[in-house]
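K.L.:
The lines below spell out each chain.
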Amino acid sequence: MSPDADLIVVGGGLMGLSAALHAAKAGLAVVVVERDWPGRHASGANAGGVRSLNRHDAEIPLARAAVGMWREIEALVDDDCGFAASGQVRVAEDDAQAELLQARVARLEAMGYDHERWIDRAELGARVPAIAQHCTGAICVDDDGHADPQRTTRAFAAAVQQAGVAIEAGVTALAIEPGGGALAVSTATGRLVAPLVVNAAGAWGAGLAGCLGDLVPLRPVALQMVVTERLAPFVRPVIGSAGRQLSFKQVPTGQVVIGGGFEGIADAATGLSRLDHPALAQNVANARALFPGPLADARILRAWAGIEGVTADGLPVIDRSRAHPGLVHAFGFSAHGFALSPLVGRLVVDLLLDRPSNLDLQPFRLDRFP
Amino acid sequence: MEETELAIIGAGPAGLTAARAAAARGLAVVVLDENPAAGGQVWRGGAGGGAEAFARAERAGATFRFGATVWDVTAENVIAWSDGAKSRRLQAQAILVASGSMERPVAFKGWTLPGVMGVGALQTAFKSGGVVPAGDWVMAGSGPLPLLVLAEFAAKGCKPKAYLDTTMRGGLGGALPYLVGAIGKPEFSRGLRLLVARALSSVKVYRWVNEIEALGQDRIEAVVATLGSGTVRLETPLLAVHEGVVPQTAIARLLGVEHRWNELRRAFEPVLDAHGRVEDRMLWIAGDGAGIEGEASAVLQGEIAAFDIGHALERIDTQTRDRRCGWLRAQRARQQKLRRFIDHRYPPPELARGLEDEVIVCRCERVTAGAIRAAIAEGATGPNRIKTFTRCGMGLCQGRMCGLLLSELTALTTKRRMDEVGALRIRPPLKPVRLAELAGLEP
Ligand SMILES: Cc1cc2nc3c(=O)[nH]c(=O)nc-3n(C[C@H](O)[C@H](O)[C@H](O)COP(=O)(O)OP(=O)(O)OC[C@H]3O[C@@H](n4cnc5c(N)ncnc54)[C@H](O)[C@@H]3O)c2cc1C
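So the protein lines, in turn, are chains A and B.
All you need for my numbering is the position in the first sequence, starting with 1, plus 168.
All you need for my numbering is the position in the second sequence, starting with 1, plus 39.
Just so you know, the hints here were simulated from the structure itself, not pulled from any lab data.
Please read these numbers as outputs of a predicted model, since none were measured by experiment.
By construction, the Cβ of each residue, glycine as well, lies at the ideal position given by its N, Cα and C atoms.
Just the calculated beta-carbon pair ranges, DEER-fashion: (1) B/Asp396 - A/Arg404: 32 to 38 Å; (2) A/Ala290 - B/Thr163: 49 to 55 Å; (3) B/Glu318 - A/Gly338: 23 to 29 Å; (4) A/Asp225 - B/Leu152: 57 to 63 Å; (5) A/Pro171 - B/Gly295: 36 to 42 Å; (6) A/Ala197 - B/Arg464: 32 to 38 Å; (7) B/Gly393 - A/Arg404: 43 to 49 Å; (8) B/Glu260 - A/Pro420: 31 to 37 Å.
Sequences are here, hints too, so could you generate the full structure?
P.N.:
See below:
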């Protein structure tokens, strides 16, 4: 059977789109199959945080490289994606938390990293005047920031199409099967064949990987977000806390976007999700605890939950299939993949084309799961 | 969490009737309404049968919560609502959505200028405070409501400068309101017909208006109407517009209820069985929210739903339900016949046809028809994707205003059927809710 493309990418989230873009730039003929539409799930529903702050050690090199790419994102996709290097700040709300955060900075310094630093109460107050008085200090990364997820997925989709890639929206990959030295992606309307396939199916990635015996413990999770009406500007950096679950930012419209990993109810089969009210209330209460003033009368316009795949160890899978060398998995970004997405496509293409990479992908291998 | 057997959202004709009928049969009933008092739209302020229906429902034992803004309803029949200070939740075995209709959102050049409003909103202000416009004003639109408001306001000595009648030429068309009573069973009682006729006789009426435009800097200063014979310009600080009403479908949409496009009424309507029940769910919809049939039908639907709910909760046996509902449904069929007449008499406008690129579709986020067409050209072929491309429907009103127009514009531009295009996905909160109210959610 003659191949339909050099590469078939399953999943039109940011990981799939980024892989398609980097592959097309490397000269491959690419087809993306997306069950719904590009950015329908985690990539369009997330908080837009571009964060290297407080990353898992294994992800720090990736996050730092990705932050560098965000600064030049326009060169990659011809749009600034709403990226603002606003900084990210993780506050300590008492002395014990302050100690932990300072210890983290010291540990990173010993590892040779200098992107995270400690700021004391005075500096925090100067940077974030609206922050609650009880915060004792914070760690921060100055060149972190945030981008607009909708705009980003739209820009990536446009860039991918510009590069000649066909995005087949509304097409579900039912299985990936090896055969005749190539790989076949079966869909309701037929089979697509290519020597190379990328599985970037997000929360549904483990299902497809499982067809080939690549077993990944992955849980589809619905993560809740809340957005307020437009408010006068009162905070520039993205705010988190060592003491409570929270991600908090004010975007250019003036709206405040609040999240932090509170779970709703995910129905992976339909792709729909529902909210959990007490979790929503707790999330909002956490935000109010840090910004009591500006949020006193603010109204919530919209709440939603986006479905994301979370692995057993909270790290993604970025690895070649054990069953077929032409298949690369990139899924399970466990609630922090948005920031990495411009880079992940490049890493995936490095794996596909056997190009050397300067980043260590060992922690993201399949075989860490027995 | 508070629990009840039946929760009813909306205390208009359908909700009040159902509350009385269900409570009278021993069901624990809680009625939630965001208004400060019972009545809904037509019975606002106790008008019509409102005061009596409310009193009877209360006497039967139904509990009422006014000023209750419902902001989420879940598939498990949990209603999250806010009393203005705090959010609460109510777990119901059965839910009846009786949240009524809303004015069909119409867009034309200048419609977002202050001073342009819905006839329904004007009537609401009148009913809740007796306020009528002082000074010049102009009414534009089609359907029974503008005529009714003309009559109501005329009784207060308040007349518009002109009525721009947009009822379309052809079909049973716009000539008929002026020959009221000539054929069939008209939409008004004889007494009201006289009042309407009298009010119309003293108002300047422009017929066959096919386009209007509001002009002004910071607010409306004039309206220009295009008629078959040319244009007229009327200076006015107030323009009240009305093109009929459509079901308020937000709660049903939120709950994933299937909707179908009714071409005659140009509206989405939820798919229900003969008792108003959503298949396989402990969920019922009655009144205008199920499809616009008016007050009398809403009362009947409320009662039908109450019997079916009583039956589902094993308080009423099948025979009793079927006997009562058989009679009620026959009554409703009569109302439906009447409604078909009105539907033909005032054919609703195609909102998107001829819409100029510069006309604003989403007022909250100031998204124009042109921006939406551009998003479609870029590949956003459904309302939800267009929303993410353009922010249309992301503002304070959550797409309540622009949703229908967005779907119609999408269908027209992409040459697809409305059922295929569908509608904006509804996200909670249904109405904006303060963080403080949410944070204070009762456990
Ligand atoms: C609420 C929320 C907030 C978040 N906040 C942040 C943040 O602030 N910062 C950050 O860095 N990260 C954040 N994340 C995580 C980030 O959004 C994800 O890690 C990232 O978007 C994952 O991208 P993806 O392409 O793997 O997944 P997705 O965007 O979910 O894409 C997977 C795609 O695959 C498609 N698909 C699935 N199965 C099939 C199939 N069989 N055939 C065809 N197509 C299929 C799906 O339809 C989907 O479009 C957040 C996530 C959520 C949900």
